[in-house]
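Student: In case you want the letters, here they are:
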Amino acid sequence: MSTMLEKQRTRAAAQFTETALVRRKNRHERVAHAIFAAMTLLMIVPLVLIIGYLSYQALPVLSLDFLFKVPVRGMRAGGIWSALLGTIYLVLISLAVATPIGVMAAVYLNEYARDNWLTRVVNLAVVNLAGVPSIVHALFGLGAFVVFAGIGRSILAASLTLAIMTLPVIIASTKEALAAVPRPFREACWNVGASRWQTIRHIVLPNSVSGILTGVILQVSRTAGETAPIMFTGAVFYKAIAEGDLFAYGLLDQCMALSMHLFTVSTQVPDVPEALPYGTAVVLLATVLAVNALSIAVRVYLRSRKNW
Amino acid sequence: MARRRWEIMIEVLIEWMIRLCGVSAIIFVFGIFFFVFREGAGLFFSGRFNFTQFLTSIEWYPTSQSNVRYGALALIAGTFSVTAFAMVIAVPFGLGTAIFISEFCEGRLKETLKIVIEILAAIPSVVWGFVGLTVMNSLIIRLFDAAIGLTVLNGGILLALMSVPVIVSIGEDALKAVPDSYREAALALGATRWQMVHRVLVPAAKNGLLAAVLLGVGRAVGETMAVLMATGHSVRVPTSVLDPVRTLTATIAAELGEAPVGSDHYQVLFIIGIFLFTITFIVNLSADLIVRGIRGKA
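Chains as they are written, first to last, in the working numbering: chain A, 1 to 308; chain B, 1001 to 1298.
Hints were generated in silico from the structure; no laboratory data involved.
In this text the structure is predicted, and so the values were computed from the model without any measurement.
We treat Cβ as the ideally placed atom computed from N, Cα and C, and that holds for glycine.
Check each hint, because a few of them may be wrong.
[Said to hold, decoys possible] Taking CB as the label site, the calculated pair distances span:
#: 1; chain 1: B; residue 1: GLU1258; chain 2: A; residue 2: VAL45; range: 37 to 47 Å
#: 2; chain 1: B; residue 1: GLU1111; chain 2: A; residue 2: ASN116; range: 35 to 45 Å
#: 3; chain 1: A; residue 1: PRO60; chain 2: B; residue 2: GLU1258; range: 30 to 40 Å
[Stated by the list, open to error] In silico DSS-like cross-links for lysine-lysine, where the CA-CA straight-line distance does not exceed 30 Å:
#: 4; chain 1: A; residue 1: LYS25; chain 2: B; residue 2: LYS1206
#: 5; chain 1: A; residue 1: LYS25; chain 2: B; residue 2: LYS1176
#: 6; chain 1: A; residue 1: LYS25; chain 2: B; residue 2: LYS1114
[As the list claims (entries may be wrong)] Now the stretches of chain A that chain B is said to cover, found in silico as 3 or more residues with beta-carbon under 8 Å:
#: 7; stretch: 34 to 41
#: 8; stretch: 281 to 289
Please construct the entire structure, taking both the sequences and the accompanying hints into account.
Tutor: As structure tokens, this is what we get:
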């Protein structure tokens, strides 16, 4: 103890006289700062390079026609409309399933659950659900929905699989949004005789709806990018649909999807023109990033506006 | 009065639904285990499957006509090598970035960096896989004069970039959880930021940082599309980082399409699934227990 104190005392003294110790200390500080900054930079540079390179390579094919035409000649030409539409279907249906369940689960965890073993197990289950590998979700979807429930490989089975997979996203963000509503809001409501549910319905949810929305948007981005869970539950390499038909897929049909299409054209189809997979990758990336940016923008706006 | 009773009934109903959804996560986790195991159980309990062979043999011939063998050791080695290589990069860089964002940045820069890391996390795994297949592949062939660029190195770098955001965000949370009084005490003694970080913050946040690393490992082990597209397809134990390998996840993704539903081959892929589920479950559980550990003490 005394040596430690002594050390500290020498350090404090050294602060005022520029000794070798102080110089070394400051040099270490500068080096550490530079190393950490370089590490951070090294994580960001690939991101910029990748996005830039993909976009550059995709330039020859990117056009409105690419988005709104169906693929032709064994997916070696034409656009990606079938895949785009499939992804929209999958996202909307899985959202319709996951959002109510996820929001209610978060309401339970934040408003009803007491600090006991059950709550702990629920939280643990949410963390674990988020950690289950996507391919295991695929196996689950195949075993539970396609085979056991007898839905067959279809948009419905794939969407349900995606819904369960992205549930932790919506639970986590909704929980955060609910927790941000100050407790006095609730107490004031209880004090005028409102029940627990009335308080949630009229005070807690309206005050956190935009926060919940951020989570929903984030979930859209996660769902749109997933490939493995839909590979064996409903997405196919190729399916012919009519151009411009918004209702081309039925609930029990198989469909194409953007993420799956990227996998297909880059690994399964020979002699694809080089720019085509790049175009698909850029559209997928742009969709996901735009949705993410929207979610971030909503969050930043909310934080600036919050007045409690 | 009648309306009141009706309202109460609705309320009771809704509250039960909320409770049901609340425990839904538990139901789903058990459901995943149950249904994946159910599909693989037929083979698992039949005499045709030998669990010791599964773990110790490198002979993976699930479709052999004469002598079917399910030795997953090469696949396990594949997953292990790619994950280990990814962690060699991701752990120092992830923790370094977490420290930089949490302790060396303020205000605008901090917010911007957090958003960039969030964007890095948002890139779909199939896009990473595509990058591995095209950009990284030709880069590795050119730089190392290798015959093929789809290797442990390629997959490892991709997985590192994919697990860094996990490590950064959890690691940053862990550093944020250290009370400011620790920082103030260190600085008041004349410590530089670096001294404060490595003498005070890292020891104080060590459990949270360990949990961050574990969750990064979990992410890397479970990743499918990127490794499917970027590590080549050779079932063998790698001897260098320039060897192509195949991971457990990639094997399921690559072979499930060809295996007829209900066949032995199909079932063994579900057994691999349960094996993966068990690994990630243990990793996540330990991460959770480690984090709870600090909260319990604090």
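Student: Now tell me if each hint is right for this structure.
Tutor: Hint-by-hint comparison with the structure:
no., hint, in the structure
1, B:GLU1258 <-> A:VAL45: 37 to 47 Å, "40 Å, holds"
2, B:GLU1111 <-> A:ASN116: 35 to 45 Å, "37 Å, holds"
3, A:PRO60 <-> B:GLU1258: 30 to 40 Å, "34 Å, holds"
4, A:LYS25 <-> B:LYS1206, "23 Å, holds"
5, A:LYS25 <-> B:LYS1176, "25 Å, holds"
6, A:LYS25 <-> B:LYS1114, "29 Å, holds"
7, 34 to 41, "holds (count 5)"
8, 281 to 289, "holds (count 5)"
Every hint from the earlier list agrees with this structure, and none is contradicted.
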